[in-house]
Amino acid sequence: MKKDNTKELSSGVKQRSLWQDAWRRFKKNKLAMVGLVFLAVLVVIAIGTIVVDIVTNNYIYENYVIKQNLRGRLEPPSAAHPLGLDEFGRDMLLRMLWAVRSSLFMGVIAILISGVLGGLLGAVAGYYGNKTDNIIMRAMDILLAIPSMLLAIAIVAAFGTSLVNVLLAIGISYIPTFARTVRASIMTVKDQEYVEAARAVGANDATIIFKYIIPNAMAPIIVQTTLGVAGAILSIAGLSFIGMGVQPPTPEWGSMLSSARTYIRDSWHITVIPGLGIMLTILALNVVGDGLRDALDPRLKN
Amino acid sequence: MYKYIIKRLLMMIPVLLGVTFIVFFILNVSPGDPAAMILGDQASAEALAMKREELGLNDPLLVRYFNYIVGMLHGDLGTSYKNSISVWSQVTERFPNTAILAICGICVALIIGIPTGIISAKKQYSIMDNCSMVLALIGVSMPVFWLGLLLVIVFSLNLGWLPSQGMGSGGMDLVKSLILPSITLGTMSAATITRMTRSSMLEVIRQDYISTARAKGVSERTVTFRHMLRNAMIPIVTAVGLQFGQLLGGAMLTETVFSWPGLGRLMVDSIKSKDIPMVLGSVIFMAVMFSIVNLVVDIVYAYIDPRIKSQYKKK
Amino acid sequence: MADNNTLLQVKDLVIRYETDDGVVEALNGVSIEIHTGKTLGLVGETGAGKTTLAKGVLRLIPSPPGKIVSGEVLYDGKDLLKLSEEEMRKIRGKHISMIFQDPMTSLNPVMTVRDQIMEVILQHNNISKKEAEKRADDMLELVGIPAERGHEYPHQFSGGMKQRVIIAIALACQPKLLIADEPTTALDVTIQAQVLDLIQKLKTRDNTSMLLITHDLGVVAQTCDYVGIVYAGEIVEYGTLREVYKDMRHPYTKGLMASIPNLVENVRRLQTIEGLMPDPTNLPKGCKFSERCKYATDKCREKVPDMVNVGGEHMVRCILANEEK
Chain A
449 MKKDNTKELS
459 SGVKQRSLWQ
469 DAWRRFKKNK
479 LAMVGLVFLA
489 VLVVIAIGTI
499 VVDIVTNNYI
509 YENYVIKQNL
519 RGRLEPPSAA
529 HPLGLDEFGR
539 DMLLRMLWAV
549 RSSLFMGVIA
559 ILISGVLGGL
569 LGAVAGYYGN
579 KTDNIIMRAM
589 DILLAIPSML
599 LAIAIVAAFG
609 TSLVNVLLAI
619 GISYIPTFAR
629 TVRASIMTVK
639 DQEYVEAARA
649 VGANDATIIF
659 KYIIPNAMAP
669 IIVQTTLGVA
679 GAILSIAGLS
689 FIGMGVQPPT
699 PEWGSMLSSA
709 RTYIRDSWHI
719 TVIPGLGIML
729 TILALNVVGD
739 GLRDALDPRL
749 KN
Chain B
1155 MYKYIIKRLL
1165 MMIPVLLGVT
1175 FIVFFILNVS
1185 PGDPAAMILG
1195 DQASAEALAM
1205 KREELGLNDP
1215 LLVRYFNYIV
1225 GMLHGDLGTS
1235 YKNSISVWSQ
1245 VTERFPNTAI
1255 LAICGICVAL
1265 IIGIPTGIIS
1275 AKKQYSIMDN
1285 CSMVLALIGV
1295 SMPVFWLGLL
1305 LVIVFSLNLG
1315 WLPSQGMGSG
1325 GMDLVKSLIL
1335 PSITLGTMSA
1345 ATITRMTRSS
1355 MLEVIRQDYI
1365 STARAKGVSE
1375 RTVTFRHMLR
1385 NAMIPIVTAV
1395 GLQFGQLLGG
1405 AMLTETVFSW
1415 PGLGRLMVDS
1425 IKSKDIPMVL
1435 GSVIFMAVMF
1445 SIVNLVVDIV
1455 YAYIDPRIKS
1465 QYKKK
Chain C
379 MADNNTLLQV
389 KDLVIRYETD
399 DGVVEALNGV
409 SIEIHTGKTL
419 GLVGETGAGK
429 TTLAKGVLRL
439 IPSPPGKIVS
449 GEVLYDGKDL
459 LKLSEEEMRK
469 IRGKHISMIF
479 QDPMTSLNPV
489 MTVRDQIMEV
499 ILQHNNISKK
509 EAEKRADDML
519 ELVGIPAERG
529 HEYPHQFSGG
539 MKQRVIIAIA
549 LACQPKLLIA
559 DEPTTALDVT
569 IQAQVLDLIQ
579 KLKTRDNTSM
589 LLITHDLGVV
599 AQTCDYVGIV
609 YAGEIVEYGT
619 LREVYKDMRH
629 PYTKGLMASI
639 PNLVENVRRL
649 QTIEGLMPDP
659 TNLPKGCKFS
669 ERCKYATDKC
679 REKVPDMVNV
689 GGEHMVRCIL
699 ANEEK
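Chains as they are written, first to last, in this note's numbering: chain A, 449 to 750; chain B, 1155 to 1469; chain C, 379 to 703.
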């Protein structure tokens, strides 16, 4: 007797919708839940700092986050400044908090760009197949043959380091990943026997698309989005680190690390703290992404 | 087999043309007048026009692209705007340094990643498995450049064991200077390969042919290596190939952290000084390298997977 | 019960799987006996525990989650469950071989079929590679595959051919016992008969005993000497082929038989057994079949009935076994 058979039997008893079931499985994953809570906190911080800026008319931003104060340079963490002061005597804690929004929102927007464009291309390729598929996917292969960081750098190098360019650069470099994911899931779903069965009993195209193809293609797309945002945040931080992303004095973790590098001999906290910020964010996204994958597609769970 | 390799080589040509075209296009429609950059702000309009003509900037983009490719085939990638040095000579001079770093990085990744992945899968849910999975998760989440800086703080500044900057010339110095950058570059790939190896081993472990092998009475060692690993290698090889692309991107950051005189740093420096031919040359060179690595991966792939091999034997 | 002729005797074997969803009670005290040269057929629905029993004999239960809780597996008088892993490996492939259910997935896709046959030969015989290669080729010919095809890979063979290769692997070292787990289920009907004939032929040649697992009562009638009916991890009826087929006593066996289309009578609708197999993580306390049995009384639901001898070697696990006649 195989274990699977028994599972099939018992799962037949407890019928739930796909999403409820996924959420139930996700909740069981403690690590993923911690990651989710952490991300929620980041979102609150990002929105909170924006609200503060609006309410105080950028007073805190201008006077504490970016204003230099050379007297307290590189001061290590203390009661007054829990994370210490940076190379220009600015409070690290405030800068860390204000940096959340660049990373978070830029990462999300970049992935939205690639998700929409890549998703559309992949959907068209997967749905129409044949020639259309061939042309689109060959183009994606070409794009994929350029390491994403190189492509992003080329775009930023050509058009300058403006916010829009950085977003576009990262967004474009992730298009092929999404195109492939969406295409693959549409292709597999399209020819599934249960879709054919649905067709055979007279379901129309709309029913098939909304009831079978979209729900089944959603899982990998959601997972890919989460992991994509992680990758995009890393890329943005990397670009900022080599001076091609967010420019100082705007607080951003990558560019904070870049300027900290000069003072690496004098003071460790300004190097360690921003990196920790990036790492924890990426870690949370990865953990949530893994959790989502396991929850949405239990077959993949190891 | 030859047919397969030839087919792969032929398939590489359109990809390479596409890659070079995209990069060429991006870097040539950029705002700014190269002639003005070379001659400076004080140059007369006539001198600028002459320079533009000389650089072939008045030709249509496709013609310029064609000329560029022809030049590239003759080992000519143009000259730097900054110091009139041949781009080709600069790029080929720097490339070996990046290649050494990338190879050491991928070695670190393979040496750590594959054994850890195998052990993790064989002892699923053991303490060892849980620990290595947590470490791997941290590994894939750690920004390359931050890891580099941390290693510098610990091993160069505090312990003073290893150099923090530059590339040693020959012998022990070279080896010493390679250690930190290789670890920096290899860590994320090591983590990815660990995860990949584990999941692909777990996929294989449940297969029926593993039961068949066990039912033959062969040792667990043989089952692991001859039956599991050989099948699990197929997706792992693909992952390693893709990691190489990540590695080239990571090389830029690693080279920046350790002032490593490689292609990545050349690229970063050239971008800062808006030296477009140099940027173009190095990006294209790297993209070509990546394509060649992928070709090698495809060939290895066919070597491991008989389903591909036999497909080409019959024809 | 055991005599000189007994090759394998399984006593009260209990196997469980500990999963996230609870403990799966896969095998609840199964006892079987196989005589030299004879074939025992185990019949039951999917999920009844047949494969678990087969894998349990060879100690191939994946652990975790699987666990052999108690019982004995006596092969030639030795308890296999007490052997070291090292000693057990000498049994597998040489003394006891196994044919798995799905030929499509039971061969290693990256090894040539000859290498896969040679592997088991080299493992258990101290001979040169050259000799092993020759023996592997002989085995291929024996199962009806030209030896020239030995260098090919599994994906180049059809399902029936693959099953022949698997039979060649299983019989390459002339084992005393062959465990065949639904060897024909995944094959086309026309191929099924060929493969069964092949197994029968080779088995007779070497006087091999066989444990045949199937859900096809027709196959059992054709090939087996003894029959065991398995339900929810227990043997519910056991005896010689004749005893069980001519004089079935357990309501479940009767139900199984009734669900076979009969060529003689003109039946409009096949009989089915009402209900489903019980959830193995939550088995009923008494007779496992009581929930679906139309004769069930309160007594059935209280305690698992013992095996009752109803004459000859015929055993039935039902309190009504002797009353009904």
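Just so you know, the hints here were simulated from the structure itself, not pulled from any lab data. It is possible that part of the hints are untrue.
Derived list of chain B stretches under chain A, where covered just means 3 residues or more per stretch with a C-beta under 8 angstroms from a C-beta of chain A [claimed, not checked]:
| # | region |
| --- | --- |
| 1 | 1207 to 1220 |
| 2 | 1384 to 1390 |
| 3 | 1397 to 1411 |
| 4 | 1440 to 1448 |
Quick reminder that beta carbons are idealized off the backbone N, C-alpha and C, glycines included.
Hints and how they fare:
Counting residues of the region 1207 to 1220 of chain B whose CB lies closer than 8 angstroms to any CB of chain A gives 0, so the stated coverage by that chain is violated, three being the minimum. Check result for the region 1384 to 1390 of chain B against chain A: violated, 0 residues qualifying (beta carbon to beta carbon below 8 angstroms, three or more required). With 9 residues having a beta carbon nearer than 8 angstroms to a beta carbon of chain A, the region 1397 to 1411 of chain B meets the requirement of three or more and the stated coverage holds. Residue count for the region 1440 to 1448 of chain B with a Cβ under 8 angstroms from a Cβ of chain A: 5. That meets the three needed, and the coverage hint holds.
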